[in-house]
Amino acid sequence: MCGICGFTGEIIDQNDRDAVINRMTDVITHRGPDSRGVFAGGGIAMGFRRLSIIDITESGDQPIFNEDKNLVLTFNGEIYNYRELRRELAEKGHVFSTQTDSEVLVHGFEEWQEGLLGRLRGMFGFAIWNRREQTLFMARDYFGIKPLHYAQVGEHFVYGSEIKSILEFPGFEKKLNLRELDRYISFEYPVPPETFFEGVFCLMPAHYLWYRGGRVETRRYWDPLFQVDESITEEQAVQQIEDVFEDSVNAHKISDVEVGCFLSSGVDSSYVSTYFAGQKTFTVGFDYGERYNEIDWAKRLSSEIGIEHHYKVITPEEYWGNIRKIQYHMDQPLADASCIALYFVSKIASEYVKVVLSGEGADELFGGYNIYHEPDDLAGYKRVPLFLRKALAAVARALPFSFRGKSFLIRGAQPIEESFIGNCSMFTMAEKRRILRADIPVSRPQELTRPIYDKVRDQDDVTKMQYLDINVWLAGDILLKADRMSMANSLELRVPFLDKKVFEVASRLPRRLRVNSENTKYAMRKAAVKRLPDATAQKKKLGFPVPIRVWLREDKYYQLVKEAFQSATAGQFFNTGELVALLDDHRAGKHDNSRKIWTIYIFLVWYDIYFNGASHEPGDLPAVS
Numbered sequence: 001m002c003g004i005c006g007f008t009g010e011i012i013d014q015n016d017r018d019a020v021i022n023r024m025t026d027v028i029t030h031r032g033p034d035s036r037g038v039f040a041g042g043g044i045a046m047g048f049r050r051l052s053i054i055d056i057t058e059s060g061d062q063p064i065f066n067e068d069k070n071l072v073l074t075f076n077g078e079i080y081n082y083r084e085l086r087r088e089l090a091e092k093g094h095v096f097s098t099q100t101d102s103e104v105l106v107h108g109f110e111e112w113q114e115g116l117l118g119r120l121r122g123m124f125g126f127a128i129w130n131r132r133e134q135t136l137f138m139a140r141d142y143f144g145i146k147p148l149h150y151a152q153v154g155e156h157f158v159y160g161s162e163i164k165s166i167l168e169f170p171g172f173e174k175k176l177n178l179r180e181l182d183r184y185i186s187f188e189y190p191v192p193p194e195t196f197f198e199g200v201f202c203l204m205p206a207h208y209l210w211y212r213g214g215r216v217e218t219r220r221y222w223d224p225l226f227q228v229d230e231s232i233t234e235e236q237a238v239q240q241i242e243d244v245f246e247d248s249v250n251a252h253k254i255s256d257v258e259v260g261c262f263l264s265s266g267v268d269s270s271y272v273s274t275y276f277a278g279q280k281t282f283t284v285g286f287d288y289g290e291r292y293n294e295i296d297w298a299k300r301l302s303s304e305i306g307i308e309h310h311y312k313v314i315t316p317e318e319y320w321g322n323i324r325k326i327q328y329h330m331d332q333p334l335a336d337a338s339c340i341a342l343y344f345v346s347k348i349a350s351e352y353v354k355v356v357l358s359g360e361g362a363d364e365l366f367g368g369y370n371i372y373h374e375p376d377d378l379a380g381y382k383r384v385p386l387f388l389r390k391a392l393a394a395v396a397r398a399l400p401f402s403f404r405g406k407s408f409l410i411r412g413a414q415p416i417e418e419s420f421i422g423n424c425s426m427f428t429m430a431e432k433r434r435i436l437r438a439d440i441p442v443s444r445p446q447e448l449t450r451p452i453y454d455k456v457r458d459q460d461d462v463t464k465m466q467y468l469d470i471n472v473w474l475a476g477d478i479l480l481k482a483d484r485m486s487m488a489n490s491l492e493l494r495v496p497f498l499d500k501k502v503f504e505v506a507s508r509l510p511r512r513l514r515v516n517s518e519n520t521k522y523a524m525r526k527a528a529v530k531r532l533p534d535a536t537a538q539k540k541k542l543g544f545p546v547p548i549r550v551w552l553r554e555d556k557y558y559q560l561v562k563e564a565f566q567s568a569t570a571g572q573f574f575n576t577g578e579l580v581a582l583l584d585d586h587r588a589g590k591h592d593n594s595r596k597i598w599t600i601y602i603f604l605v606w607y608d609i610y611f612n613g614a615s616h617e618p619g620d621l622p623a624v625s
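Under UniProt numbering, the letters of the sequence shown match residues 1 to 625, in that order.
FYI, nobody ran anything at the bench for these hints, they're computed from the structure. Where is the CB? At the ideal position from N, CA and C, for every residue including glycine. Careful, some of the hints might be misleading.
Pairwise CB distance ranges, derived in the manner of DEER restraints [to be verified]: (1) 566 / 308: 43 to 51 Å; (2) 113 / 278: 20 to 28 Å; (3) 65 / 18: 14 to 22 Å; (4) 352 / 239: 32 to 40 Å; (5) 278 / 441: 54 to 62 Å.
All chains should be modelled from the sequences, with the hints used to inform the complete structure.
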């Protein structure tokens, strides 16, 4: 619903303090254009931008206080069970002055302290300042739907929904975190808790933070561990999914303004859309055949279930012309090409509604990604003695060329903890050493994923993959782009699959009801087919396809990327000859290097904006010399 920011301590005088918090707040106006609020005094300055969703009157403005005004709250998100919590707190004697879900947090914290978090159903990033004790408490929701970043700058603790606010703080020294560059070209996204800015951290999902006595303490309050119940039958699973998902969608539709829905050709958003009869859905696509255009699928479904459907075909010029604006809004480079498409679908939705529901999270919870078939695909090969598989893998690695089955032979000799670093794996270690300058640190991505795998070492491989994706891919890519692209358009995005009650059901499903030889998201699709045409419910996972591979073979875009690859900026970090070779091989049709090319290109665009002062305004394509 909004954006928050702030800092502890004083800055020379009151006028300076007020100017700083105003700059920090104004730079995130897009997160909440309806109103702004500031609390400054007694050791802290807190800023707030509001997108009015619940209690849209002025009484819902923040900051919000408890009865004696000792506790001061700023909050980004929505609490879907706030009415139940409000009744419980009122019975305990708490006096409410607004009808907002926000006020539940400040009274709930007063009553239960950290125990409040386990009672919440929703998405949130909030900060509560205790004026008497001079302590700051911050927390983030279970899955990381809403962002929260922080840094220590001298004696000040500085925080914000977006890193932009922290960059406005005087004395913050902007330095590139080279460790994150190494991780980025492995994963294609910044891997939390570190960020691309040295000293700026992401508060992790399901974590809270205390700042007191000049010290930062963080702790996890919830863990998305699967507790499988093998006794659950298919019929029971389907019924449980139906019941809990309907409940979740209804909860996520709580609003004092109209709510719409994103709609693709896939089962996830389509399932959500079936609860929107008579309301509005939104789709974007590209004019490059059905592979890149889901509009016709969405049109047909909308017609069948009685939805007012809006769509847009994105032109190449629009897509490329908005890359800089979008990377500015991302705060950090994100090489997921779909994030730009997400920007456009958010833009058209914002012309009609303030809130949309979307299908993110279904794949991670219910086992939807095609890669989750890999343990079954490799099962036969893994009956071959390990020493022989390792020998074949060594030969495959040694060969200087690619061939069909090369990756299969290598992965088949590895445990899942070694072969799977998340839903996206970009450059290998050998490739990183080749493209990066020798002075850039390089590390194995498995060093980062190992502690996560250690928590589920006794689970089956599919469950291990899901748990890793929930902790890394979901937080680092899926939800990051969802928040930034929707908020860039002053649109609130809600995700009913990422609900703690939905997870309770998903976490109990046996592996056979998540991923099997018949399909991914097996039980969830069986539930969805009761409300959807069979072709939609059973449709293979497609993602959000963007024709990058096609564009990079066109002269206009090839030249644009080539110039970036040969720039002085590229030369600071990469062996530029290797980058151009990647591009040329792709253009010649030797290999599909599009995702690797895009990963590097997006980093260079982002770096030019945040470190070289390049414009981030949208418009025509940059000129190519």
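Structure-based check of all given hints:
| no. | hint | verdict |
| --- | --- | --- |
| 1 | 566 / 308: 43 to 51 Å | holds (48 Å) |
| 2 | 113 / 278: 20 to 28 Å | violated (43 Å) |
| 3 | 65 / 18: 14 to 22 Å | holds (19 Å) |
| 4 | 352 / 239: 32 to 40 Å | holds (35 Å) |
| 5 | 278 / 441: 54 to 62 Å | holds (55 Å) |
Checked against the numbered hints given earlier, the structure breaks only hint 2 and satisfies all the rest.
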